[in-house]
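If you read the protein sequences in the order shown, they are chains A and B.
Quick note: the first sequence uses the numbering used here, first residue 1, plus one each step.
Quick note: the second sequence uses the numbering used here, first residue 1, plus one each step.
Where hints are given, some of them may not hold.
[What the hints assert, rightly or not] Examples of chain B residues toward chain A, derived with CB under 10 Å:
| no. | residue |
| --- | --- |
| 1 | Thr-80 |
| 2 | Ser-125 |
| 3 | Val-144 |
| 4 | Lys-146 |
| 5 | His-245 |
By construction, these hints were calculated from the structure, which means they are not laboratory data.
For glycine and all other residues, C-beta sits at the position ideal for the given N, C-alpha and C.
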Amino acid sequence: MTDMPDTTTTSDPSYHVPAEGESDDAAGYYVPGEPIVDTKAPGGPIDERWSTRKFEARLVNPANRRKLSIIIVGTGLAGASAAATLGEAGYVVKSFCYQDSPRRAHSIAAQGGINAAKNYKEDGDSVHRLFYDTVKGGDYRSRESNVYRLAEVSTNIIDQCVAQGVPFAREYGGLLDNRSFGGVQVSRTFYARGQTGQQLLIGAYQALERQVQAGTVTTYTRHEMLELIVVDDGEGKKRARGIIARDMVTGAIETHLADVVVLASGGYGNVFYLSTNAMGSNVTASWRAHRKGAYMANPCYTQIHPTCIPVTGSHQSKLTLMSESLRNDGRIWVPKKKEDCDKDPRSIPEEDRDYYLERIYPSFGNLVPRDIASRAAKYQCDDGRGVGPEVDGVRRGVYLDFADAIARLGRDAIEEKYGNLFDMYARITGENPYEVPMRIYPAVHYVMGGLWVDYDLQSTIPGLFVTGEANFSDHGANRLGASALMQGLADGYFVLPHTIRDYLADGPFEKVAEDHPAVVEARESVQRRIEHYLTVNGTRSVDSYHRELGNIMWEYCGMERTEDGLKKAIDLIRTLRDDFHRNVKVLGSADSLNQSLEKAGRVADFLELGELMCIDALNRRESCGGHFRAESQTEDGEALRHDDLYAYVAAWEFTPEDAGESWATPMGTPVLHKEDLTYTAIEMKQRSYK
Amino acid sequence: MRVTLKIWRQPDAATAGAMHTYELDTVSPDMSFLEMLDVLNEQLNAAGEEPIAFDSDCREGICGMCGLMINGEPHGPEVTTTCQLHMRSFKDGDEITIEPWRSDAFPVVRDLCVDRGAFDRIIQSGGFISVNTGSAPEAHSIQVPKEAADRAFDAATCIGCGACVAACPNGSASLFMGAKITHLGELPQGQAERDNRVVSMVSQHDHEGFGGCTNIGECTAACPKEIPLDVISQMNRDLRKALQHGH
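So that you can see chain A by itself, here it is in the shape it has in the complex (with noise of 0.2 Å):
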């Protein structure tokens, strides 16, 4: 399956039909505010940025650095590794996750493997290879300076994961295997069987407890950030200068005062309710952030995996992937009648099944891209050709059939290649996919967007650095499968601990009192919030509001998004959002473990987030990456790239609504700043798979 299959055709003039003058979609919904660049990539020849950076970046001396404080947000790949290699450097650092322990962050869940350019197949593999293959697999949307920057430290996170005793899976000379992944035409991913993130997360939080016994590292776990402080320099310059964080146990409400923030809190999938994240993955920090003044990039680019287990009922609370492996050997298919659809499938004879990917992709079929699968399996269900069980009168799933290859390769085949995931299958839903065929749907998967990052990592607040998922800068509109690992790692070890010495040369900054207005004010916005949640005293559960914006969000801002639709979306967030504060019950006290009480601030902060998703979507008005954007498509239906007019980073800046309320101020409309997109290492390429 190739998020971007080998087929390319260079820009036809024909094909590549602009829009109609420039079309304001979301006109009334921001405001245009001044572009935005990336001062801190050097010129130069690409392959010689990063040492030149490297080298540029100033240091700072070692009996420095156990004067200098770093706050880290979230111990995932991304959190743990910086962490980790910061406290070895001798910095004094503090990392907080939600968690009961760093070892539980959800990189922990990553199945598939980590890409690095090593060539050990001698297969043509290389760094450039690596960059191209990411630029092009993002659609053109990603800033190529990072991306290349990504695969040329991506060879040395291998190395360190092995010395780290991260059990990667071995050929029996004892060296490293490889296997393709995500249509790649190099075996370039390494792999822990289905367990990749689990072993490299245990590898990172390991170096990063080491820390811990070392005393450079102090972990806050069961602790929630929900501010960040922000602190003018007195020269004028506003930094980032700390976190108020919630211990979950006693609901104290903490300052904690540092040099410099990172955020390495992960992805906002969790906006659609349903998704592959963990139940507690949120966008609070990122959103907290973003309030106080750090753009937010790209929010709508959203990556949708096609083949994870379908939903049972209401009462689902999060959907589960199996690894895109399986349509190599599974065929995908709907009955042709709607009368068929509760039917038992083994009974539906060939003539009336509809195997519709083979049918409209003869050449790629089942392995089109994961984008193409997904919005194919929506179109069928929209049309009344799903199949499983009926949620909202709709029945969300199609066929993934294995009978074919078990007849052709016998069962044991088949068992050996898919065991572990027909296992997972058989205990999710009590059928046996052997004998009956699985039922797959989409789900949502991975945020490519995130908080504004400059080549530094560096946000557009000084002193708040962001990385891995919660940042924008690497995968464009589509992440290619097995990168997500990958850039987590490579910000933690080995690029933040390199750019934010820049930073903190200018260190230690003046100490902040506790008692500063600004640390005050932000303690006490934190404790009003809490006790509002608290005192709405309303009818509805936290849990609804959530499971109502996740049902907006798929709908509209989901696989294929519409300007009708999505200006409908804005409208029904308002209004839910607006009762959710009115009408929200949140039973228990501030100063216990209260599970109710965190949501319902995980669940405010969504609410505003998935305004600014539509705004975002509405305003890119072309089909790029994973999304299809209805009114850009080619005569063919298929999605259609508009770089004359949207290539660029959409980075939006948060403005506050003046009227304001007791608990918090309403957001207000965004300004909406770009970033231009310019490629001088690598031509701009439509698509095709037909």
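On the provided structure of chain A, position chain B as indicated by the hints.
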């Protein structure tokens, strides 16, 4: 389905807890066990009773955050994590007892949530290979026989959930510890610190208040990742050698 739930409720570590009984009659066999508790919590919230606190995060059996004693068995009747247990493993009309992990080393935080910080502290004491970022040699300079790599991997699949401790009549964390010692001890990279590692980790384990191992084997039977009992033998062997080496 209809089930009767007897659930441990405890406001915090300092306050005594008690079992409470709840009836739930809207259970679907397709629900996961934790989704069943979500439904109960929605019902409680609507009725003005505080929802039951329980831990979970990934809900796909890998993060190790969830873990309940279900009818006296860690993670319930199947060999899996609580989040991957489904209600079809129960019958209509069943009475189900739900408690937190039972161990002195895992104090109750609230209701069904416990504090497993002791596991982190055991890892801090030596559950790692000391290699600073950037100092690693080229990955292919280290060859690992496939058998050793596979055994290391089997041990490394531990998710740190604590079911082994909850299952053990002695409240021992030997399976958890043995898994880490075996994972790192099977690899050439882990040899330099092998003696120190086992001595420090065993010492920390005892300090945390976990009990000793008497080879009962409940731990491995309860382990959702089926970590084999022989990792404890490995740990004992490594400890004996380390002591012989003068540690």
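Among all the numbered hints in the text so far, which are the ones the structure does not match?
5
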